[in-house]
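Based on the sequences and whatever the hints tell you, model everything.
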Amino acid sequence: MGKLIAIAALLLVLGVIPTSLALILDWQPEGDSPGVWFQRSGSILVVFSVLADAILASLFTSLFPGSQTVVLTDDDAVSLKPLYTIVSIFAVVFTVVGTVIWGYGDLLL
Numbered sequence: 357m358g359k360l361i362a363i364a365a366l367l368l369v370l371g372v373i374p375t376s377l378a379l380i381l382d383w384q385p386e387g388d389s390p391g392v393w394f395q396r397s398g399s400i401l402v403v404f405s406v407l408a409d410a411i412l413a414s415l416f417t418s419l420f421p422g423s424q425t426v427v428l429t430d431d432d433a434v435s436l437k438p439l440y441t442i443v444s445i446f447a448v449v450f451t452v453v454g455t456v457i458w459g460y461g462d463l464l465l
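Per the numbering used here, residue 357 is the first one in the sequence shown, and the count goes up by one each step.
Just so you know, these hints were derived from the structure itself, not from any lab.
Hints may contain errors.
[Claimed, not checked] Ranges between beta-carbon positions, derived for each pair:
1. 386 <-> 437: 41 to 51 Å
2. 459 <-> 373: 19 to 29 Å
3. 392 <-> 448: 23 to 33 Å
[Unchecked claim] With a straight-line Cα cutoff of 20 Å, these simulated SDA-like cross-link-like pairs (lysine to any residue) come out:
4. 359 <-> 444
5. 437 <-> 449
6. 437 <-> 420
7. 359 <-> 439
8. 437 <-> 363
9. 359 <-> 410
10. 437 <-> 365
11. 437 <-> 409
12. 437 <-> 362
13. 437 <-> 385
14. 359 <-> 407
15. 437 <-> 462
16. 359 <-> 411
17. 359 <-> 415
18. 359 <-> 438
19. 359 <-> 414
20. 359 <-> 436
21. 437 <-> 448
22. 359 <-> 445
23. 359 <-> 406
24. 437 <-> 361
25. 437 <-> 421
26. 359 <-> 453
27. 437 <-> 413
28. 359 <-> 418
29. 437 <-> 411
30. 437 <-> 453
31. 359 <-> 435
32. 437 <-> 418
33. 359 <-> 416
34. 359 <-> 434
35. 437 <-> 358
36. 437 <-> 416
37. 359 <-> 370
38. 359 <-> 455
39. 359 <-> 456
40. 359 <-> 413
Think of the CB as a built atom: it goes at the ideal place given N, C-alpha and C, for glycine as much as any other residue.
Structural data, given as structure tokens:
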């Protein structure tokens with residue numbers, strides 16, 4: 357379970373890199389403005405964030421079982437709950453931010 361949360365966190369980091377580079381570097385193709393390139397990078401952030409969220413969703417019932425769920429005792433699940441929550445929050449925030457950048461990034465710069 358811990359490895360899957362780490363993979364989800366890595367996907368979030370990989371999604372943020374192109375968006376950050378689009379803000380810092382002047383690497384867009386000739387004819388595109390920096391705003392348009394920043395806008396395009398938002399789609400990459402959304403894709404990686406959704407993938408991370410899908411991984412996290414697959415772990416949800418294992419870490420947060422309902423009252424009708426049969427659970428095998430697993431001490432690791434208890435220790436992973438805070439990490440799971442933090443990475444989940446970032447996945448949702450990055451999905452929203454990436455979508456805003458994707459739609460309005462050229463207007464934000």
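Hints and how they fare:
1. Taking 41 to 51 Å as the suggested C-beta distance range, the pair residue 386 and residue 437 conforms, at roughly 49 Å.
2. Distance hint check: the CB atoms of residue 459 and residue 373 are about 20 Å apart, consistent with the given range 19 to 29 Å.
3. At roughly 26 Å, the beta carbons of residue 392 and residue 448 sit within the given window of 23 to 33 Å.
4. The suggested pairing of residue 359 with residue 444 holds, with an alpha-carbon distance near 15 Å, which does not exceed 20 Å.
5. With a C-alpha separation of about 18 Å, the suggested pair residue 437 and residue 449 falls inside the 20 Å cut-off, and the hint holds.
6. For the hint pairing residue 437 with residue 420, the CA-to-CA distance comes to about 8 Å; that is within 20 Å, so the pair holds.
7. Simply put, residue 359 and residue 439 have alpha-carbon atoms about 11 Å apart, close enough for the 20 Å limit, and the pair holds.
8. At roughly 15 Å between alpha-carbon atoms, residue 437 and residue 363 fall within 20 Å of each other, so this suggested pair holds.
9. Proximity of residue 359 to residue 410 is assessed by CA-CA distance (about 14 Å); at most 20 Å being required, the pair is judged to hold.
10. At roughly 14 Å between alpha-carbon atoms, residue 437 and residue 365 fall within 20 Å of each other, so this suggested pair holds.
11. At roughly 15 Å between alpha-carbon atoms, residue 437 and residue 409 fall within 20 Å of each other, so this suggested pair holds.
12. For the suggested pair residue 437 and residue 362, the alpha carbons sit about 13 Å apart, so the restraint of at most 20 Å is met.
13. At most 20 Å may separate the alpha-carbon atoms for a hinted pair to count; residue 437 and residue 385 exceed this at roughly 43 Å.
14. Among the hinted pairs, residue 359 with residue 407 is consistent with the structure: their alpha-carbon atoms are about 15 Å apart, no more than 20 Å.
15. Distance check on the hinted pair: residue 437 and residue 462 sit about 38 Å apart at the alpha-carbon level, beyond 20 Å; violated.
16. For a cut-off of 20 Å, the pair hint linking residue 359 to residue 411 stands: about 11 Å separates their Cα positions.
17. Taking the CA atoms of residue 359 and residue 415, the gap is near 11 Å; set against the 20 Å cutoff, the hint holds.
18. Using a Cα cut-off of 20 Å, the hinted pair residue 359 and residue 438 holds, with the two alpha carbons roughly 15 Å apart.
19. This hinted pair checks out: residue 359 and residue 414 have alpha carbons roughly 13 Å apart, not beyond 20 Å.
20. For the hint pairing residue 359 with residue 436, the CA-to-CA distance comes to about 11 Å; that is within 20 Å, so the pair holds.
21. A hinted pair counts as satisfied when its Cα atoms are at most 20 Å apart, and residue 437 with residue 448 qualifies at roughly 16 Å.
22. Between residue 359 and residue 445 the alpha-carbon distance is near 18 Å, which keeps this suggested pair within the 20 Å criterion.
23. For the hint linking residue 359 to residue 406, the alpha-carbon distance of about 18 Å falls within 20 Å, and the restraint holds.
24. Taking the CA atoms of residue 437 and residue 361, the gap is near 10 Å; set against the 20 Å cutoff, the hint holds.
25. Among the hinted pairs, residue 437 with residue 421 is consistent with the structure: their alpha-carbon atoms are about 11 Å apart, no more than 20 Å.
26. Proximity of residue 359 to residue 453 is assessed by CA-CA distance (about 25 Å); at most 20 Å being required, the pair is judged violated.
27. Annotation: proposed proximity of residue 437 to residue 413 holds, straight-line Cα distance about 13 Å (limit 20 Å).
28. At most 20 Å may separate the alpha-carbon atoms for a hinted pair to count; residue 359 and residue 418 meet this at roughly 14 Å.
29. Distance check on the hinted pair: residue 437 and residue 411 sit about 14 Å apart at the alpha-carbon level, within 20 Å; holds.
30. Restraint check: the Cα-Cα separation between residue 437 and residue 453 comes to about 24 Å, which exceeds 20 Å; the hinted pair is violated.
31. With a C-alpha separation of about 13 Å, the suggested pair residue 359 and residue 435 falls inside the 20 Å cut-off, and the hint holds.
32. A threshold of 20 Å between alpha carbons decides the hint, and for residue 437 with residue 418 the separation of about 10 Å falls inside it, so the pair holds.
33. Distance hint between residue 359 and residue 416 is fulfilled; the C-alpha atoms sit about 14 Å from each other, no more than 20 Å.
34. Among the hinted pairs, residue 359 with residue 434 is consistent with the structure: their alpha-carbon atoms are about 15 Å apart, no more than 20 Å.
35. With a C-alpha separation of about 10 Å, the suggested pairing of residue 437 with residue 358 holds against the 20 Å cut-off.
36. Only pairs whose Cα atoms come within 20 Å are accepted, and residue 437 paired with residue 416 is accepted, the gap being roughly 9 Å.
37. Distance restraint check for residue 359 and residue 370: the Cα-Cα separation of roughly 16 Å lies within the 20 Å cut-off, and the hinted pair is therefore satisfied.
38. For the proposed pair residue 359 and residue 455, the alpha carbon gap of about 27 Å is over 20 Å, so the pair is violated.
39. With a CA separation close to 30 Å, the supplied pair residue 359 and residue 456 exceeds the 20 Å bound.
40. Pair hint residue 359 plus residue 413 holds up; C-alpha atoms about 14 Å apart against a cutoff of 20 Å.
Of the hints listed earlier, those the structure fails to meet are numbers 13, 15, 26, 30, 38, 39, in rising order.
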